[in-house]
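Novice: Listed here are the chains, written in short residue letters.
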Amino acid sequence: MEFDKELDARGLACPMPIVKTKKALAGMAAGQVLKIVATDAGSLGDMQAFADATGHQLLSSQTQGSEYVFFLKN
Amino acid sequence: MGAGDFPAGLDELIAKRVDELIAKKIEERMAQLMPKGPPSMTIIATKGTLDWAYPPYILASAGAALGWDVAIFHTFYGLKLLLRDLSQLRVSPLGNPAMPMKMPFGPRWFRQIRWNMPNAVASVVPGFEAWATNLMKQTFKSKGVASIEELRQTCIDADVKLIACQMTVDAFGFQPQEFIPEVSEFCGATRFLPLAQTADVNLLI
Numbered sequence: 001m002e003f004d005k006e007l008d009a010r011g012l013a014c015p016m017p018i019v020k021t022k023k024a025l026a027g028m029a030a031g032q033v034l035k036i037v038a039t040d041a042g043s044l045g046d047m048q049a050f051a052d053a054t055g056h057q058l059l060s061s062q063t064q065g066s067e068y069v070f071f072l073k074n
Numbered sequence: 001m002g003a004g005d006f007p008a009g010l011d012e013l014i015a016k017r018v019d020e021l022i023a024k025k026i027e028e029r030m031a032q033l034m035p036k037g038p039p040s041m042t043i044i045a046t047k048g049t050l051d052w053a054y055p056p057y058i059l060a061s062a063g064a065a066l067g068w069d070v071a072i073f074h075t076f077y078g079l080k081l082l083l084r085d086l087s088q089l090r091v092s093p094l095g096n097p098a099m100p101m102k103m104p105f106g107p108r109w110f111r112q113i114r115w116n117m118p119n120a121v122a123s124v125v126p127g128f129e130a131w132a133t134n135l136m137k138q139t140f141k142s143k144g145v146a147s148i149e150e151l152r153q154t155c156i157d158a159d160v161k162l163i164a165c166q167m168t169v170d171a172f173g174f175q176p177q178e179f180i181p182e183v184s185e186f187c188g189a190t191r192f193l194p195l196a197q198t199a200d201v202n203l204l205i
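Taken in order, these protein sequences are the chains called A and B.
The numbering of the first sequence is our numbering, which starts it at 1 and goes up by one.
The numbering of the second sequence is our numbering, which starts it at 1 and goes up by one.
If we strip away everything but chain A, and leave its shape as in the complex, we get (with noise of 0.2 Å):
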């Protein structure tokens, strides 16, 4: 899938890495996609979650091994 920028948040346990997408997202235009790589188990329920309530779609959402690689339309 295509997108405009990556955030990384291997790592990062609850809850950084909604933190920092939502950092991430402030940065980026209207309709651009949000690539993020996380190895927080969590984040798969946290990023559905996010998207819900802040109105973002989650385009993709996959398990790939022992990381989550989830895509998210500002």
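Check before you lean on any hint, since a few could be wrong.
For lysine-lysine, the following DSS-like pairs were computed, each having C-alpha atoms within a straight-line distance of at most 25 Å [claimed, not checked]: (1) K23/A - K161/B; (2) K161/B - K22/A; (3) K20/A - K102/B; (4) K47/B - K22/A; (5) K47/B - K143/B; (6) K137/B - K20/A; (7) K20/A - K161/B; (8) K23/A - K143/B.
Please keep in mind that the hints were generated in silico from the structure rather than gathered at the bench.
Bear in mind that the values here come from a model prediction, so they are computed numbers and not experimental data.
Dock chain B against the given chain A, drawing on the hints supplied.
Specialist: For chain B alone, kept in the frame of chain A given last:
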């Protein structure tokens, strides 16, 4: 014209339409009475040990990331979380049988041992608390958990209101200059409660 002259099904139509209008009217009235801002959360932080410093700041920064208005009322030992120097925060396994103790270093089999420290041991070993504090810091660091300093700064950057309870500041003899300048307010319970009353989420930690 008698009651029997109304066209068939009219009552049903009227009832349906009235229901629709009432629902709309109530929604309009509610919006007037309670303007919809972002969701809000108030947290009361009452504990001042290293372990209990985490939950208020984790929840506050997560709430702020969701776009919520968040305020933390620091009272009693929770005031210690507002001090400039957080290196004084300690954790003690003493009287805390729930605290899992696992070594953050060494071979895998060693790291998986769950150490149960009886209070009798913990209370007499010199430096045990400092050791346990250091152990928790190392464990959290190795698991990617942010430090309290970092979490608190995240809250500050996200405009979380950090409120200090005036009564306990006075009662414990804290000096204003001991606290970080980002403390938004020193106030009493009566000032805080109306904030909590209108918040969507209230937590006591």
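Novice: For each hint, tell me whether it holds in the structure or not.
Specialist: Taking the hints in turn, this is what the structure says about them:
no.: 1; hint: K23/A - K161/B; verdict: holds, 19 Å
no.: 2; hint: K161/B - K22/A; verdict: holds, 19 Å
no.: 3; hint: K20/A - K102/B; verdict: violated, 29 Å
no.: 4; hint: K47/B - K22/A; verdict: violated, 28 Å
no.: 5; hint: K47/B - K143/B; verdict: holds, 23 Å
no.: 6; hint: K137/B - K20/A; verdict: holds, 22 Å
no.: 7; hint: K20/A - K161/B; verdict: holds, 20 Å
no.: 8; hint: K23/A - K143/B; verdict: holds, 22 Å
Hint compliance for this structure: hints 3 and 4 are not met, and every other hint is.
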